[in-house]
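Novice: Given the structure of chain A, go ahead and fit chain B onto it with the hints provided.
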Amino acid sequence: MRFSLIEGLRARICNIERAPVSLSSHPADHGTGFTRPACTLTPWTFGIVEIDHALPWGGLEPSGLHEIQPRTHADSWAAAGFALGLLARRIVAIGAARRNLSLWAFSPSAAHEFGRPYGPGLRAFGIDPSELLIVEARRAGDLAWTLEEALKARALIAVLGQIDGANWTMGRRLALAAQTHRTPCLLISSPGTGELGAAMTRWRIETAPSCPHPFDASAPGARRWRATLERCRWGPTGLTWDLEWSDDAYRFRLAAPLADRADDPGWRLQRTA
Amino acid sequence: MIRDGGCSAPPEAPFALVAPGEKGVTLAAVNAAAEREGLGPGLGLSDARARCPHLRSAEAEPESDCNALLKLARWCGRYSPSLNRDGAQGLWIDITGVAHLFGGEATLCEDLVARLTRFGFTARLGLADTLGAAWALARFTYGGDAAAIAPPGETLQRLGGLPIEGLRLAPDAITLLKRLGLRQIGELRRLPRTSLQRRFSSQAVAQAVLTRLDQALGERKEPRAPLTPPPRYLARAAFPEPLISSAGVEAALMRLARDLCAQLARDLQGAREIAFTAYRADGSFAEVRAGLSAPSRAAGHMVRLLDEKIQAINAGFGIDCLTLAASAAEMLSPEQDVFVTQGALAAPGPLIDRLSNRLGAPCVFSLGPQASHLPERAEQRRSPGAKATPWTDDPLPKPPRPLFLFARPEPIAVMAEIPEGPPARFTWRRVMRRIVRADGPERIAPEWWRAIGRSSAKADRPRDYYRIEDDAGGRYWVFREGLYQAQALTGAPQWYLHGLF
Numbered sequence: 001m002r003f004s005l006i007e008g009l010r011a012r013i014c015n016i017e018r019a020p021v022s023l024s025s026h027p028a029d030h031g032t033g034f035t036r037p038a039c040t041l042t043p044w045t046f047g048i049v050e051i052d053h054a055l056p057w058g059g060l061e062p063s064g065l066h067e068i069q070p071r072t073h074a075d076s077w078a079a080a081g082f083a084l085g086l087l088a089r090r091i092v093a094i095g096a097a098r099r100n101l102s103l104w105a106f107s108p109s110a111a112h113e114f115g116r117p118y119g120p121g122l123r124a125f126g127i128d129p130s131e132l133l134i135v136e137a138r139r140a141g142d143l144a145w146t147l148e149e150a151l152k153a154r155a156l157i158a159v160l161g162q163i164d165g166a167n168w169t170m171g172r173r174l175a176l177a178a179q180t181h182r183t184p185c186l187l188i189s190s191p192g193t194g195e196l197g198a199a200m201t202r203w204r205i206e207t208a209p210s211c212p213h214p215f216d217a218s219a220p221g222a223r224r225w226r227a228t229l230e231r232c233r234w235g236p237t238g239l240t241w242d243l244e245w246s247d248d249a250y251r252f253r254l255a256a257p258l259a260d261r262a263d264d265p266g267w268r269l270q271r272t273a
Numbered sequence: 001m002i003r004d005g006g007c008s009a010p011p012e013a014p015f016a017l018v019a020p021g022e023k024g025v026t027l028a029a030v031n032a033a034a035e036r037e038g039l040g041p042g043l044g045l046s047d048a049r050a051r052c053p054h055l056r057s058a059e060a061e062p063e064s065d066c067n068a069l070l071k072l073a074r075w076c077g078r079y080s081p082s083l084n085r086d087g088a089q090g091l092w093i094d095i096t097g098v099a100h101l102f103g104g105e106a107t108l109c110e111d112l113v114a115r116l117t118r119f120g121f122t123a124r125l126g127l128a129d130t131l132g133a134a135w136a137l138a139r140f141t142y143g144g145d146a147a148a149i150a151p152p153g154e155t156l157q158r159l160g161g162l163p164i165e166g167l168r169l170a171p172d173a174i175t176l177l178k179r180l181g182l183r184q185i186g187e188l189r190r191l192p193r194t195s196l197q198r199r200f201s202s203q204a205v206a207q208a209v210l211t212r213l214d215q216a217l218g219e220r221k222e223p224r225a226p227l228t229p230p231p232r233y234l235a236r237a238a239f240p241e242p243l244i245s246s247a248g249v250e251a252a253l254m255r256l257a258r259d260l261c262a263q264l265a266r267d268l269q270g271a272r273e274i275a276f277t278a279y280r281a282d283g284s285f286a287e288v289r290a291g292l293s294a295p296s297r298a299a300g301h302m303v304r305l306l307d308e309k310i311q312a313i314n315a316g317f318g319i320d321c322l323t324l325a326a327s328a329a330e331m332l333s334p335e336q337d338v339f340v341t342q343g344a345l346a347a348p349g350p351l352i353d354r355l356s357n358r359l360g361a362p363c364v365f366s367l368g369p370q371a372s373h374l375p376e377r378a379e380q381r382r383s384p385g386a387k388a389t390p391w392t393d394d395p396l397p398k399p400p401r402p403l404f405l406f407a408r409p410e411p412i413a414v415m416a417e418i419p420e421g422p423p424a425r426f427t428w429r430r431v432m433r434r435i436v437r438a439d440g441p442e443r444i445a446p447e448w449w450r451a452i453g454r455s456s457a458k459a460d461r462p463r464d465y466y467r468i469e470d471d472a473g474g475r476y477w478v479f480r481e482g483l484y485q486a487q488a489l490t491g492a493p494q495w496y497l498h499g500l501f
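If you're matching them up, the sequences are chains A and B in order. Take 1 as the starting number for the first sequence in the working numbering and just add one per residue. Take 1 as the starting number for the second sequence in the working numbering and just add one per residue.
Isolated chain A, as found in the complex (with noise of 0.2 Å):
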């Protein structure tokens, strides 16, 4: 009696600072530790046990501010791939019964600097371009607006900003806007900037050597990010994971060195949602 009200009280102060209700075992083992709807609740996750554990909700938040920085320019474009693998788990999370709108926002100078998203790549992401909305903002105030206004839209799956300034007060209002309307922000933001408070998670990526094409020894294999999670609310930080983005299953996979494939569990066991 005494005990449940405590868990009672307990859920009801983790709800209002939007927390996972730390209870006796680990969270990720109790899948949806959160105290709130259960329809706003789709998880998403990595697909990998290793980095779903590790973090407090089980995967990645998904009403939250996350931020994704590359640790040099050089690695720019493998962190926006790093967000577009992420996206891609949103999707496959959220399933395909209906559409399934995202929103990719960046400058021209971006554009220019890193090149345009391009259709038939990103379906190598399982990522249907006609479902994706790109944003062109000439000014940075019109970039900030547009992630605030997608947000509060709540008609989108996810929404990832590119965005080369990211200050202390647009970050909080991200979190803020994506807290109260529940849907997910990414922030791809450039390397050598502060962080951003409000994030849930920080993200650092690199790009790493790719290991040989099983086929062809010297061609390139799969995608290989470096990504160590830099920050995260309520979880633990310093970790470093080797993954890989496999362009025909749609989803991560640890690095061969760090986890033999064979054995790694996320490969074989299907985790989705």
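Please note: incorrect hints may appear among the correct ones.
Only some residues are given here: those of chain B computed to face chain A with a beta carbon under 10 Å [to be verified]:
id: 1; residue: W92
id: 2; residue: A251
id: 3; residue: V364
id: 4; residue: R381
id: 5; residue: P400
Covered by chain A, per the in silico footprint, the following chain B stretches (three or more residues, Cβ under 8 Å) [stated by the list, open to error]:
id: 6; segment: 134 to 148
id: 7; segment: 351 to 361
id: 8; segment: 432 to 441
To list a few chain B residues with every Cβ distance to chain A over 12 Å, as calculated [stated by the list, open to error]:
id: 9; residue: P53
id: 10; residue: T107
id: 11; residue: R266
id: 12; residue: S333
id: 13; residue: G482
Source of the hints: derived by calculation from the structure; they are not laboratory data. For clarity, every value in this text was computed on a predicted model and none was experimentally measured. The beta-carbon is built from N, C-alpha and C at its ideal position, and this holds for glycine as well.
Specialist: Relative to the frame of chain A, chain B by itself:
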């Protein structure tokens, strides 16, 4: 309508606009004072000076007069959306079904004359059942009020006493009619039609006269071409006191939007484009437009779309009339609202509209497939709301395509190990990259039908694409344009970086 104002001459002094004519400089228009002196258009300037030595003159500017008239016509949109210029000195306004908004036809005419007088125009109005009758009434009614109104059904009575010139006829037809002793429209009307035809030299002239007569009396329809196609759905609000603050405009906008949406709902229509026009008290107006990606009749959505733009409207001396029109509308059947709203995603239409109206429609797009092997032509931008071919019909391209593509391939400096192989090192953006893995080539030949008509031999050089990875793991999609064998013909091959994975 004669323009008096705009010059420094006092209205009581004789004043004329002059234009170069066949016999030297002639008067083009005169003011009332000059008319009293016996001057009129067509008179030579030297003759006029002789008759009236203190006549002041200025060069006529027909083009700016025409523009001013057009501006005035647009301003008259406050009365009715269906209107246009009529000749060099007239306007027509179709006030069918709008007179009651102003308290009746007489009040409308009074209001229009009063406003035009305030702008410095001398205006005469004719109001009748037909365009032809109104034209005649405005020009050939003398004395009395500035507005001559023929009540419904009394066109013939009012027109009967007017001179034959009121029928908009060619000068030679008028001369002939006058020679026949027909000076008034009523006299012409009383003649039997067949006998009239016989008196004219040609059938065409007789037909033209009869057509004009029938049009004036409403027995034959007259086509009208309004300045802008009048919208089918229009909401309008007039204010006795001009609005100065934007808060007042915003409040009125909400009311107008509700009114417009009610009109749209009655016909099961949804707006695709809306135009919000503010008419200022000084005769100018400001217009704001917004497009919608999907038909909608949500008043709140329309207001939000226009909200940011109406901040740019300068109230000036005050706004005394506002209209909100659905300039394009489409069928919109009522749909059942979502029963379970929790967890469901909202419709994306309002978001797309807001983004494209603020950032400009070309800045918001999604990508659709296009049947081409050339990478830059394999996709096309399209507006996000549009339905188009789905991507799923095409198989996934093999070998893989990059995630990012440059709008223009960027030239790179390459050190190739073998002429027909992938590069070993290359320099892009002043950084040297050492290649450790490479895949390719994938040869993509240009579309030969595009090279037709282009003189340059470089236009149809094939490309060899390589997927390469440098020692840091960066992956590039580079291509060599041109063949080593055909070097003499098409020039040395060049390397480009087209995209990144």
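Novice: Have a go at the P400 (chain B) hint: is there a Cβ in chain A nearer than 10 Å to its own Cβ?
Specialist: 5 Å, holds
Novice: Check, residue by residue, whether the segment 351 to 361 of chain B contains three or more positions whose beta-carbon lies closer than 8 Å to a beta-carbon of chain A, and give the verdict.
Specialist: n = 6 at 8 Å, threshold three: holds.
Novice: Does V364 (chain B) hold up as a contact with chain A if the rule is Cβ-Cβ below 10 Å?
Specialist: V364 (chain B) check passes; min Cβ-Cβ to chain A is 5 Å, inside 10 Å.
Novice: Please check whether the beta-carbon of T107 (chain B) is more than 12 Å away from every beta-carbon in chain A.
Specialist: 46 Å, holds
Novice: Regarding the assertion that P53 (chain B) does not contact chain A, is the least Cβ-Cβ distance greater than 12 Å?
Specialist: 64 Å, holds
Novice: Classify the label on S333 (chain B) as holds or violated, using whether its beta-carbon is more than 12 Å from each beta-carbon of chain A.
Specialist: 19 Å, holds
Novice: Tell me if the interface restraint on A251 (chain B) is satisfied: Cβ within less than 10 Å of some Cβ in chain A.
Specialist: With a minimum Cβ separation of about 24 Å from chain A (threshold 10 Å), the hint on A251 (chain B) is violated.
Novice: Far enough from chain A: is every CB of that chain over 12 Å from the CB of G482 (chain B)?
Specialist: 23 Å, holds
Novice: Taking beta carbons only, do three or more residues of the segment 134 to 148 of chain B come closer than 8 Å to chain A?
Specialist: That given contact is violated, which follows from only 0 residues of the segment 134 to 148 of chain B lying within Cβ reach (below 8 Å) of chain A.
Novice: Does the claim that R266 (chain B) lies outside the interface with chain A hold up, using a Cβ gap greater than 12 Å?
Specialist: Given a closest Cβ separation of 28 Å, the condition holds.
Novice: For the hint on W92 (chain B), does the least C-beta distance to chain A fall short of 10 Å?
Specialist: 44 Å, violated
Novice: Between the segment 432 to 441 of chain B and chain A, see if three or more residues pass the 8 Å beta-carbon test, and mark the coverage as holds or violated.
Specialist: holds (count 4)
In terms of the numbered hints stated before, the structure departs from hints 1, 2 and 6, listed from lowest to highest.
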